[in-house]
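Chains A and B supply the protein sequences, listed in that same order. Quick note on the numbering used here: the first sequence kicks off at 1 and runs consecutively. Quick note on the numbering used here: the second sequence kicks off at 1 and runs consecutively.
Note that these hints are calculated values from the structure, not bench results. Among these hints, one or two may not hold up.
Which copy? The list can't say, so a pair holds if one copy fits it or any two copies do.
Claimed, not checked - Derived lysine-lysine pairs resembling PhoX-like cross-links, with alpha carbons at most 20 angstroms apart:
hint: 1; residue 1: Lys14; residue 2: Lys123
hint: 2; residue 1: Lys65; residue 2: Lys14
hint: 3; residue 1: Lys53; residue 2: Lys78
hint: 4; residue 1: Lys50; residue 2: Lys78
hint: 5; residue 1: Lys82; residue 2: Lys65
hint: 6; residue 1: Lys82; residue 2: Lys50
hint: 7; residue 1: Lys14; residue 2: Lys53
Keep in mind that this is a model prediction, so the values were computed, not measured.
Number of protein chains: 2
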Amino acid sequence: MNLSDSLVHQLLDKMPVARFAVTRSDGRAEAMPIVFSRVGNQIFSPIDGKPKKTADLERLRHVGKTPESTLLLDSYQKDWSKLWWLRLDVRAGVCTSSHGDWCEAVDRLREKYPQYRSIPLFKGTPTMIVMNWNRAHSWAFNGIDGIRSWLSDTAEQ
Amino acid sequence: MNLSDSLVHQLLDKMPVARFAVTRSDGRAEAMPIVFSRVGNQIFSPIDGKPKKTADLERLRHVGKTPESTLLLDSYQKDWSKLWWLRLDVRAGVCTSSHGDWCEAVDRLREKYPQYRSIPLFKGTPTMIVMNWNRAHSWAFNGIDGIRSWLSDTAEQ
Numbered sequence: 001m002n003l004s005d006s007l008v009h010q011l012l013d014k015m016p017v018a019r020f021a022v023t024r025s026d027g028r029a030e031a032m033p034i035v036f037s038r039v040g041n042q043i044f045s046p047i048d049g050k051p052k053k054t055a056d057l058e059r060l061r062h063v064g065k066t067p068e069s070t071l072l073l074d075s076y077q078k079d080w081s082k083l084w085w086l087r088l089d090v091r092a093g094v095c096t097s098s099h100g101d102w103c104e105a106v107d108r109l110r111e112k113y114p115q116y117r118s119i120p121l122f123k124g125t126p127t128m129i130v131m132n133w134n135r136a137h138s139w140a141f142n143g144i145d146g147i148r149s150w151l152s153d154t155a156e157q
Numbered sequence: 001m002n003l004s005d006s007l008v009h010q011l012l013d014k015m016p017v018a019r020f021a022v023t024r025s026d027g028r029a030e031a032m033p034i035v036f037s038r039v040g041n042q043i044f045s046p047i048d049g050k051p052k053k054t055a056d057l058e059r060l061r062h063v064g065k066t067p068e069s070t071l072l073l074d075s076y077q078k079d080w081s082k083l084w085w086l087r088l089d090v091r092a093g094v095c096t097s098s099h100g101d102w103c104e105a106v107d108r109l110r111e112k113y114p115q116y117r118s119i120p121l122f123k124g125t126p127t128m129i130v131m132n133w134n135r136a137h138s139w140a141f142n143g144i145d146g147i148r149s150w151l152s153d154t155a156e157q
């Protein structure tokens with residue numbers, strides 16, 4: 001199923017969590033939940049102040065070694081007729097505040113997540129994973145109407 | 001954070017959805033949402049009757065070629081103090097009804113998912129992905145108590 005860029009953008013802007021799939025140093029695929037914001041066709045995910053032993057996260061090394069990865073958005077619901085997912089093939093990298101879209105990405109993170117009023121947006125040197133996608137693949141139990149319904153239900157909350 | 005086998009089992013039994021990370025034929029890591037049941041230390045995920053063009057899913061070829069994969073369980077909530085995730089390193093394979101635990105896995109799927117009263121549990125030749133895990137890695141914002149809270153909140157629903 002092909003989604004328009006506009007629909008992909010809306011899903012990325014509304015969905016609070018995605019699962020980022022990377023290749024580990026031992027070659028195994030692994031996924032992690034991430035928070036993120038979107039600026040144009042780029043997705044930014046901060047190394048934030050949620051409890052962690054170190055800001056030198058393995059995910060930074062993984063994307064440094066293997067940038068080709070994927071991002072999954074999906075919404076699980078008991079009513080399976082509402083199920084859908086969107087998967088983006090992305091090229092990921094690590095960026096710091098010298099990135100041209102840094103400030104906008106940060107603004108959008110603070111807007112999307114009120115949680116950052118009490119939790120630091122960064123741990124250590126401000127760092128984000130930045131992703132550019134080149135292919136979107138999607139599925140929905142009820143086709144594109146199911147995705148549009150999710151967007152309108154979410155807008156009402 | 002180390003979780004006991006008993007806690008891992010409880011999380012697998014309560015959580016309706018997981019994200020399964022596999023290595024694609026082009027070498028890229030990708031994740032997909034799956035439903036599943038647990039029998040002992042094995043996890044079963046059916047190729048079910050949700051709308052799909054074919055039962056010959058790419059995921060079957062992916063695990064056939066690269067069995068080493070991971071399974072992610074996590075619960076996103078607006079209250080980030082309740083966040084947690086569990087990731088299992090698994091060896092995945094494809095099985096049919098000749099598998100010794102087939103019937104128990106099927107019974108548990110039907111028990112866990114009332115949705116299978118109206119949606120076929122299988123599409124085409126009954127087939128499941130079976131996973132055995134050899135390593136569990138986990139994180140929780142509030143440590144193990146956050147995971148225990150999630151389990152008791154879920155039990156009340």
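Status of each hint after checking the structure:
1. Lys14 <-> Lys123: Cα proximity of Lys14 and Lys123: none, with 25 angstroms in one copy and 33 angstroms across.
2. Lys65 <-> Lys14: Answer is neither: 30 angstroms inside a copy and 35 angstroms across each miss the 20 angstroms cutoff.
3. Lys53 <-> Lys78: Neither: 35 angstroms inside a chain and 23 angstroms across chains, both beyond 20 angstroms.
4. Lys50 <-> Lys78: between (29 angstroms within a copy, 13 angstroms between copies)
5. Lys82 <-> Lys65: This pair counts as neither: shortest intra-copy Cα distance 37 angstroms, inter-copy 32 angstroms.
6. Lys82 <-> Lys50: Answer is between; shortest inter-copy Cα gap is 11 angstroms, intra-copy 31 angstroms.
7. Lys14 <-> Lys53: neither (30 angstroms within a copy, 28 angstroms between copies)
Checked against the numbered hints above, the structure breaks hints 1, 2, 3, 5 and 7 and satisfies the rest.
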